[in-house]
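Chains A and B, in that order, are what the protein sequence lines are.
Under the working numbering, the residue at position 362 of the first sequence is numbered 366, and the numbers go up by one with no gaps.
Under the working numbering, the residue at position 99 of the second sequence is numbered 105, and the numbers go up by one with no gaps.
Check before you lean on any hint, since a few could be wrong.
[As the list claims (entries may be wrong)] No more than 16 Å apart at the CA atoms, straight line, and that leaves these computed lysine to aspartate or glutamate pairs for EDC-like:
| no. | chain 1 | residue 1 | chain 2 | residue 2 |
| --- | --- | --- | --- | --- |
| 1 | A | K49 | B | E171 |
| 2 | A | K49 | B | E172 |
| 3 | B | K67 | B | D106 |
| 4 | A | K39 | A | D64 |
| 5 | A | K487 | B | E174 |
| 6 | A | K487 | B | E97 |
| 7 | A | K49 | B | D106 |
| 8 | A | K49 | B | D156 |
| 9 | B | K145 | A | D40 |
Because the hints were derived from the structure by calculation, they are not lab data.
Small disclaimer: the values here were computed from a predicted structure and weren't measured.
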Amino acid sequence: METMEPHKNNKVTSDRISHLPEPILFHILSFLSTKDALRTSFLSKSWTNLWTAIPVLDFDESKFYGESGSGRDDKKMWEQKKQFADLIDRSLLLHEGQSIREFKISFHHLNDSVLMNRADPWVRFALINVSVFHLNFSGEPDQDYPKNMYQLPPCTFPSKLLKVMALNSCLFDPSVHKSFPCLETVILTRVELLDTSVQDLIANCPHLESLHLKRCEFPSSIIIIDVPQSQLKHLRLEFNDVEEYQIHVPSLLHFQYVGEFTSISVRNLSKLVNASLEFQDLYLYSSYGDILCELLNAIDHASALTLSDFCLQVLPLLDFVPEGLRESLPSPLYNLKHLTVQTDLNNCALAGLACLLRSSPNLEAFSIDFCYDIFFGLEICNGVATDEYLRISELDESEFWESHLLLFPCLTHLEKVEISGFGGRKREMGLVKYLLQKSFLLKEMVIIHEKCYNDELEFLKLKLETAQKLIALPRACQYTEIKFS
Amino acid sequence: MSSTKIFLKSSDDKTFEIDETAARASETLKNIIDGGCLDGVIPLPNVSSNILPKVIEYCKKHGGDNGSSKKIANGGVDKDKEILPDYDEEEDKREKVRVDELKKWEEEYMDFDQQVLYDLMLAANYLHIKGLLDLTVEKAASMIRGRTPDQIRENFNINSDFTPEEEEEMILIEDEWDDEWAFD
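Starting from the given sequences, assemble the full structure and let the hints guide the process.
Below, the structure is given as structure tokens:
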């Protein structure tokens with residue numbers, strides 16, 4: 005280029021940026037955080053209201069204070085919180101009558117009643133003018149519930165624009181809201197609800213497709229979600245304070261559960277495509293096996309199923325039978341095409357896996373996600389420790405696969421195996437060897453190695469060695485491809 | 007691909023040559039080419055001969071893909087997909103090298119003064135070259151990010167046109183910000 009001077013020592017002589025066409029200025033502002041965009045309003049008159057054109061308002065208290073936020077004394081902290089609230093007020097005033105695509109507020113430890121009252125206009129604004137609304141009143145990630153929770157004010161107008169709403173750490177009673185005609189996605193985290201709130205919410209949102217409840221609290225321990233008319237497609241329940249769920253949502257396509265072992269009774273899930281049961285618990289009761297079998301039977305329309313290690317360990321347990329383990333499910337999972345398990349392949353999980361494979365006659369894809377951070381100290385309760393269960397825990401895992409030769413009908417049409425978190429351990433190799441040897445139609449086996457945590461060179465060497473070992477293994481199907489990742 | 011040559015005429019009547027494939031990085035030029043109105047030379051009355059070679063340099067590098075290095079870097083393996091795309095370690099390495107090389111190229115390419123930045127931004131906007139527009143806009147945004155209003159004014163030579171009273175009020179609020187809110 006002809007006249008290319010280094011920019012550092014080049015003095016700018018005219019203000020060209022302020023005279024750029026508006027679309028370019030908006031483009032620049034859209035690349036800035038709300039804080040930086042706001043600051044441009046102090047530059048000159050032409051900049052004062054420019055930033056209000058940005059479609060995303062993200063007020064995150066922690067980003068505004070920066071690091072100096074910690075170690076503040078109470079009085080100063082209160083001052084800052086007040087200023088932050090002032091700032092949100094001023095910004096909304098400037099945005100009056102405009103629609104904003106996204107409006108996010110993260111205001112931590114909002115347990116002061118004066119500040120709480122100030123949030124009402126923000127929420128009302130959001131419910132009327134915004135299509136994506138995030139409200140986060142939580143404290144530090146691991147902290148307990150704030151003592152006084154903020155309660156969302158009632159809204160007597162329908163929230164016509166709102167499509168996505170995520171609430172964290174507040175009280176929410178959907179029955180006091182007029183309606184949410186366009187709301188499609190709701191994520192509630194640490195929200196205190198009433199027993200009927202979930203049903204009220206679904207009834208108030210005719211287009212609700214996705215509902216995610218995480219660590220929510222309810223007055224009673226039994227939650228009934230009985231909404232035969234809803235459009236709800238995706239339901240995710242995660243560590244809520246609930247002992248029993250009764251779910252009747254016939255429209256459901258995806259169902260996910262993460263948390264302690266809980267009684268979940270579902271009915272009429274004939275559209276279900278995808279189910280994920282990630283029970284994680286410290287206690288193992290013999291009755292759990294039967295409860296899980298019943299649940300698996302109720303979600304047997306799903307073509308894809310994901311189970312946690314705990315599920316696999318629970319599955320072989322038989323109640324009222326002093327000896328013996330469950331060999332297969334009472335009714336096979338005929339619809340199941342893709343099974344995913346998260347496990348470390350301990351012997352008890354192996355017994356559960358065998359039970360599942362035996363009961364999934366039409367399986368086409370099988371994924372194992374090896375996780376080695378599973379809690380080991382599982383406490384076995386109520387006479388579960390049958391001789392058989394204890395015997396199995398002392399078994400040599402390579403023997404295990406030898407002893408189950410040709411017992412799984414699904415192996416005649418299994419087409420794809422995916423193993424992630426692979427580290428070449430003996431039990432992993434045993435399983436891979438077995439699957440390669442017995443799957444006559446296996447097209448591909450994808451191996452995704454676990455992450456390298458220390459010596460990279462050693463790790464690569466090990467990876468290469470295991471790869472060579474794997475490739476040398478005999479295969480039942482000559483077309484089987486092994487892919488590494 | 008064919009290497010048909012296209013001729014572009016700058017606002018000050020200088021003519022530059024560019025391959026058709028490279029020219030297609032610009033939506034505007036692509037529409038003209040596809041519209042079949044290729045009458046030898048395409049006049050660009052909004053782009054001067056100072057900046058046009060710089061634009062052509064970008065198009066040559068990006069002819070066909072029309073994206074920045076960021077986009078390519080994000081196009082990796084999608085874990086949510088039920089069936090993983092064919093995986094090839096060699097291909098992955100080549101891809102990584104390509105992205106690194108592109109980043110380095112972008113860095114060198116973007117080393118110019120503010121006047122060029124504005125001209126390039128306007129040209130990218132006029133010619134609808136999204137990758138180049140994002141690149142230049144990001145550079146301008148990076149000169150605003152995390153800075154005080156005074157620093158930004160100095161960076162861009164912006165004159166504050168507030169009345170003394172307004173100015174006073176501004177300074178008050180600004181001070182409040184500076185005092186209370188740590189800058190990143």
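Hint check:
Distance check on the hinted pair: K49(A) and E171(B) sit about 13 Å apart at the alpha-carbon level, within 16 Å; holds. For a cut-off of 16 Å, the pair hint linking K49(A) to E172(B) stands: about 10 Å separates their Cα positions. Only pairs whose Cα atoms come within 16 Å are accepted, and K67(B) paired with D106(B) is accepted, the gap being roughly 14 Å. Of the pairs offered as hints, the one joining K39(A) and D64(A) holds, with about 9 Å between alpha carbons and a cut-off of 16 Å not exceeded.
Taking the CA atoms of K487(A) and E174(B), the gap is about 67 Å. The hint is violated against a cut of 16 Å. Proposed proximity of K487(A) and E97(B) is supported: the alpha carbons are some 14 Å apart, at most 16 Å. Distance hint between K49(A) and D106(B) is unfulfilled; the C-alpha atoms sit about 42 Å from each other, more than 16 Å. This hinted pair checks out: K49(A) and D156(B) have alpha carbons roughly 14 Å apart, not beyond 16 Å.
At most 16 Å may separate the alpha-carbon atoms for a hinted pair to count; K145(B) and D40(A) meet this at roughly 15 Å.
Figure legend: structure checked against the earlier numbered hints; hints not met, in rising order: 5 and 7.
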